[in-house]
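Take the given structure of chain X and dock chains B and U to it, following the hints.
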Amino acid sequence: MSINFKINDIPVYAEAGEMISDVAARFGIDIPTLCHDPKVKSYGACGMCVIEAKGGGKLLRSCSTEVNERTEGMEYYTETPRVIQARKVALELLMTDHTGDCRPPCMLACPAETDCQGYVGMIANGMDAEAVRLVMEKIPLPASIGRVCPHPCEKQCRRGQLDESVSIAFLKRYVADKNLALGLEEAAKVYQKPVSSTGKKVAIIGGGPAGLTAATQLAGMGHDVTIYEQMPKMGGMLRYGIPEYRLPKAVLDQEIAVIEALGVKAKTGVQIGKDIAFETIRKENDAVIVAIGAWTSSKMRVPGEDLKGVLGGIDFLRDVALGNAPAIGNSVAICGGGNTAMDACRTAVRVGAKDVYTLYRRTRAEMPAEDIEICEAEEEGVVFKFLCNPVEIIGDENGKVVSVKVQKMELGEPDASGRRSPVPVEGAFEIIPVDTVIMAIGQGVNPAGIDGLELTRKNTFVADEQTFATSVPGVFACGDDTNKGPGIAVAAIGEAQKAAKAVDQYLRTGKVEAPKAAFYSKRKLSDDQVKELYAHRKEEPSDRVQMAHTHAEARKNNFKEYMHGFTREEAQQEAARCLECGCMDYFECKLINYANRYDIDPDRFGGYRHDRQMKTAGKYFVRDVDKCVLCGLCARTCEEITGKTILGLVGRGFDTIVQPEMGMPLSQTECLGCGLCVSVCPTGALVEISALDKQVPVKETVKDAKCVMCQAGCDVQVASCGSRVTRVLPKKGKGQDVLCVRGRFEMPKLIAVTDQVAAAKEAMASMDASKVAILVGTTCSNQQVDAILAIAQDVAFVASNSLNKVIEEGRQKASATYAAVRNKKAAEGEDLAVGFNQNGVAVRGIGAISAKEADMLAKGDVELLIAFGEDLSNLTISDSVRVVALKAQI
Amino acid sequence: MEKEFCCTCGSKSDLTLLEPVLAKYASVPGSLITILQHAQDIYGYLPTDVLWHVAEKTGIKPAKVLGVATFYTQFRFKPVGKYLILLCQGTACHVNGAKLVEAALEEELGIKDGDTTDDGLFSLKTVACLGCCSLSPVMMINDETYGSLTPSKAKEIIRELRGKQA
Amino acid sequence: MSKFLIKVGQGSCGIAAGAGKVYDVLNEKVSGNPEVTLSITGCIGMCYLEPIVDVYEGDARRTYCKADEKFALALAEAVASGNLDADALKAYEIAEEDKDYLRKQTRIALRHCGNINPESIEEYMAADGYQALTKVLKTMTPDDVIEVIKTSGLAGRGGAGFPTWFKWNAAKSSPGEQKYLICNADEGDPGAFMDRAVIESDPHNLIEGMLIGAYAIGASEAVVYVRAEYPLAIVRLTKAIEQAEKAGFLGENILGTGFSCKMRIKAGAGAFVCGEETALIESLEGQRGMPRLKPPFPAQKGYWQKPSNINNVETFANVAWILLHGGEAFAAMGTEDSKGTKVFALTGKIRKGGLVEIPMGKTLRDVIFDIGGGIKNDAEFKAVQMGGPSGGCIPADLLDTVIDYKKLGATGAIMGSGGMVVMDESTCMVDMARFFLDFTTKESCGKCVHCRLGTKRLHEILTRIVEGEGREGDIENLEELCTTVKDGALCGLGQTAPNPVLTTIRYFRHEYEAHIRDKKCPAGNCKTLIHFTIDADKCKGCTLCARQCPVDAIAGKVKEAHVIDADKCIKCGKCFESCKFGAIVKD
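Residue numbers (this note's numbering), protein chains in the order written: chain X, 17 to 906; chain B, 1221 to 1386; chain U, 538 to 1124.
To be clear, the hints were calculated from the coordinates, so they are not data collected in a lab.
Glycine included, C-beta positions come from ideal geometry on N, C-alpha and C.
Fair warning: there could be bad hints in the mix.
[What the hints assert, rightly or not] Only some residues are given here: those of chain B computed to face chain U with a beta carbon under 7 Å:
#, residue
1, 1251
2, 1275
3, 1292
4, 1294
5, 1311
6, 1312
7, 1354
Same shape as in the complex, but just chain X (with noise of 0.2 Å):
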């Protein structure tokens, strides 16, 4: 007979002996929980499956109230505000001993919260569809951005604190250079087109790069987005503010033709206020943001500034950009020391000028362009003269430009922003001879056109910091145009999605509502810790990958792009030197989940924080204590499901720890192998090790599958992100769920094997199969050889290099037989039916390399190679050959 009784006003039936979690979960109310599985016994430990009984009375723990005939009637409540308190203290002391960076340094760095250490990861993983694809969630640019952006992201990735922080930037320009090369059809499929349209008008004045993104993530949610631009093309500051030689605008043609390709209208050369009236684009559409930039470039207040001859720096740039370029004469002095300065300096250096002077007023150290811009614009010839202060321009008769007159400075104490101010020293001046002045001292908003706005003192617009809504109901603003005004690129993108959501929540609900800042558990690490923390790394090569780049000389008197991009190894050797700092779980770990969830205010209550730094990797998944919240699950579903009682735990208190049997390593215990502890781990205290080479938490799809490891076949779920197979999991349902060690940990790597004959195959495609050769090292497992063979047809030669090394060895120490066998044959060049199994031995198919094929590489007769786990360091291979190293999968 079934016990009815009601939860949260739903009635719900259930058997006696059922546990009330249990029956909610059936009726699909979600209670939370940290310690409960269906599979074992009720703990009753994290305190977060609390319900409350109408009628106040005690919390009652859900997993353990059992439905007996008293509970007949019943009305439960399971987010009452006590209930919900309850959880929110529960969750806030389990973070104050949870030690940890949830998501890494880089990407927190990032105005736009791109996922850095995600397509990094991908990249070392030769998952390049999938990386491109991950960046473009955030930036809809990611070509344009890759190149130019000054990467806050670098600043704090913590390589750095060990030798050179992660190329970050170049290796998304590296994913999004690939990405067009597919050609616009092929690069347009990252983005799904939106399956309706929401009826919603969006109108988005300006098309830079903060409203390319807000347009691409409206029209990716259904909205009818039109862009207006007053200029004759889309880009803004990416295609008018900086020069083809950063930024080619070929590139910036192909991206945003990708961006158009998703439903973007855009209406060129129309200047709203001037063709439009602001008035009417707010009638015609549902909402609007205004993002038309910064483009006043601001006054130095110097006599002399309206000197025929003295230019803005912005609209020097814009000028060149357009193809009319102004006559700058022979001698050009540029003030200002950020990136803009740099653009015009390098840029009048490559329309001719022959003395190119940049003046700051204060020293190098404290100039905000990037150190690289400065470096190559001095390989370029440009004269930087620091500690100087122009301070009148002086004109001929006819109010020419024929000189500049600068005050010498010195530094005094730094100013609010930590950069030390300038002093004049007196009666200390210079008078430089130029043809042109450009001043590049910084850039304002012109509002105009876009009136009934509320402005900053700055003339830019007010708009609120989390939704960027402005003072006018349905008008929201982003990018330079805000607030503290002008930034960099990749900042107004980060607004511009924030506005994006904003304006989609608007046109859905009419309200207008803050999101909930993101709470993750990071940590701050200094130079020793993370010494001491990534001390296993030690001995990869850990310099950083210099892009190859055009010489001074060859580049300094054109526009062409100097810098060449990764290659496909150099990408895949840079990304390899990530630390792999975000926690590996983050996708499925419910702590940060819930923390999210109920909204936690982590810094309640400090006090001592556990960091034993015990991480331990096992051959198939990752043990970190510090991030264990002692629910008890791995040790419990270890003893009641599988019987092997492995882990357990040590110590009482706040001190108690999981550990295996008397603190043995888990490889020398009986353990299974089972992987249970790590399904049921709510944490990233058991994580296990992907498939994937290089580990990185990635957004997985899973479906289902049956094991291929023997002929039982069990259901299983096969997690992918993307092309690549990353785990297998145990098909959650009614029964035990326990998958034997060759399913759970040795079939991912199995399937993983094909990824690394993909990565030939794409390497070879396009190309002349007769100019490829192949050698195979003789760890790669029959799997693999087959897997080779297969697409190895019509190729020059395929071989084994490492295979000379067993025969020698075979010489040496095999007995009688087998050397007199071996190298009868091997010395008579006979082709050797040699292959490879599992422990190396060589079995099938495939000869020691012989001399003629060693020609072939010395000589370039083949234009690639591909060697499978070889060591080729005893080969001479011609440099016309380019050189794939892959995995051999054993």
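This is chains B and U only, laid out in the frame that chain X set:
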């Protein structure tokens, strides 16, 4: 103070000493704590190879044995000195100045709570309550109870015991 | 029958105070003399007078206190000469005023303690021992027994105050062949030692009480879970069990009535949480002492998932008396909702510390001042801590609170096991709260988030306040965290751990504020907040303090005013104690 269980796997104990205890209790369910108590009486502490041996003989999983051994404060994983000083920090003792006695003992022995003197003579351990609160502040040294202590009296007792050893 | 019977009080504290030596000297002197029999007894509960020796001359009983070797020699001579009036002996006789200590008590649980020889079943039976058991087994049904206990109103003496009949009835009525009766002798509360006294001094009373309980609920096995720190109690109880078995009161077919019950002892291993009944059961099953989820309650699924009933030592110690004298006699004592007597362990800054058993209904003032003799060296009473780490501090103005479960509960403290630690103005209440949280943090089993982490953070906040780094809002933070820990914790330990904080805030909020705002410790106890300075006018320059100072933080020439270097000073207070001219100022 984190009571880390550091596995003394190098320990080589004479496991035959444990036979009589195991003969009596190994098959009796729920007697793990009693066995460990006897083992500690025999070896003075719980060496890791003894824990393995107990697990093997009783059929209780090693992880469980370690879990129980590290839960109860009576068990220790390092040999203790000839004289085990249990200094009471119960409510009555605390109120009557047990903290000052503790400071005096640490000063005299040169060790902190939970450690053993280098000469292996004394081990100092603070406990929650010995149950003779009327004599507070109180300490027990190897089942001998010393009550109504003052810092100087405590030092006196240590010197006396040390004297006996010399 | 010899003329003189000498009984030396041999409870653990008595032995610690020197009773062992007194016994040895007497034994050596009088063993030859037939006129004298030397025997021992348990702990009478007058700790401040230990060691205590009673001398019986026929029925006349004289009690001697603070006995030492000198006394032993004097007594040996006196009995040899047959005359107890020797002056040397008189000096040790108990003072009239101290006789009241026992007279003002009503002893049921402790009735035999300090009177009979704990190692002699004969003496126990002579004091109508095992008569109740015989009456129960021979003439009463389990329901009759439960009825008597119900009328008596006996409630749990371990601290929860749950009606004993209800627990017995629940265990009796839950199905199952094999049932267990368990005695909780873990007595983890610091400051409580009445269970130890009962087991060491009157083990048979415990056995008889447990057997009656076993019969009532139909249990065939009884276990006594004694904490490891009570070795003497285990020795005496083991002896008593052997004697009871030999005398046919324990084991198969007791007294031929067909009721069988065996009894054994299980030693705890140092875990306060095992005072909680389900953690105790886990420990009995050789597991980590992690409390179980309730329901099911032990009465349904306890030891080895069989119906089990758990009561505290003191609860059982009343059972035999009740069955002998009838429930009404017990119910006549106490208040409307708390019946019978309660034993308190009076310690701390009390003049006469010891065991006090009084009927419910008396007030705290009666126990502390009337019986306990007030505060040591006539200091100012400040508060009494009741219920140990799960209890609270009751201030002076509530001294007239009536001792009963409800009324004590209303103060925020709890009856608890009976630990009663008296505090004077030199005790800092914030430090007391910190002390108890330091205790519960170490004793928490670590299972529940609210308790494992909640007590730790409470302790850290209190430590911050005590070390002068308290911040505005700390008190509110403490209060909120306390309520949530109480609400979220699974077992008694976690649910009551915040009580010491809540009660000290409720009654001594001004002390918290003094620590936080003025960085002052009114009780002059918290080291970082007290400062020692020398009053130049009063200082005679006798250099005594300078010589006393362990870290030579005091400078000054002979005959000249000395100065304390505040940085070096470790606030040990030695100078303050040693200065004869009151020149050292402590604020």
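Here is what the structure says about each hint:
1. 1251: Where the cut-off is 7 Å and the nearest Cβ of chain U is about 6 Å from residue 1251 of chain B, the hint holds.
2. 1275: 12 Å, violated
3. 1292: 4 Å, holds
4. 1294: Holds: closest Cβ of chain U sits about 4 Å from residue 1294 of chain B, inside 7 Å.
5. 1311: 4 Å, holds
6. 1312: 4 Å, holds
7. 1354: 3 Å, holds
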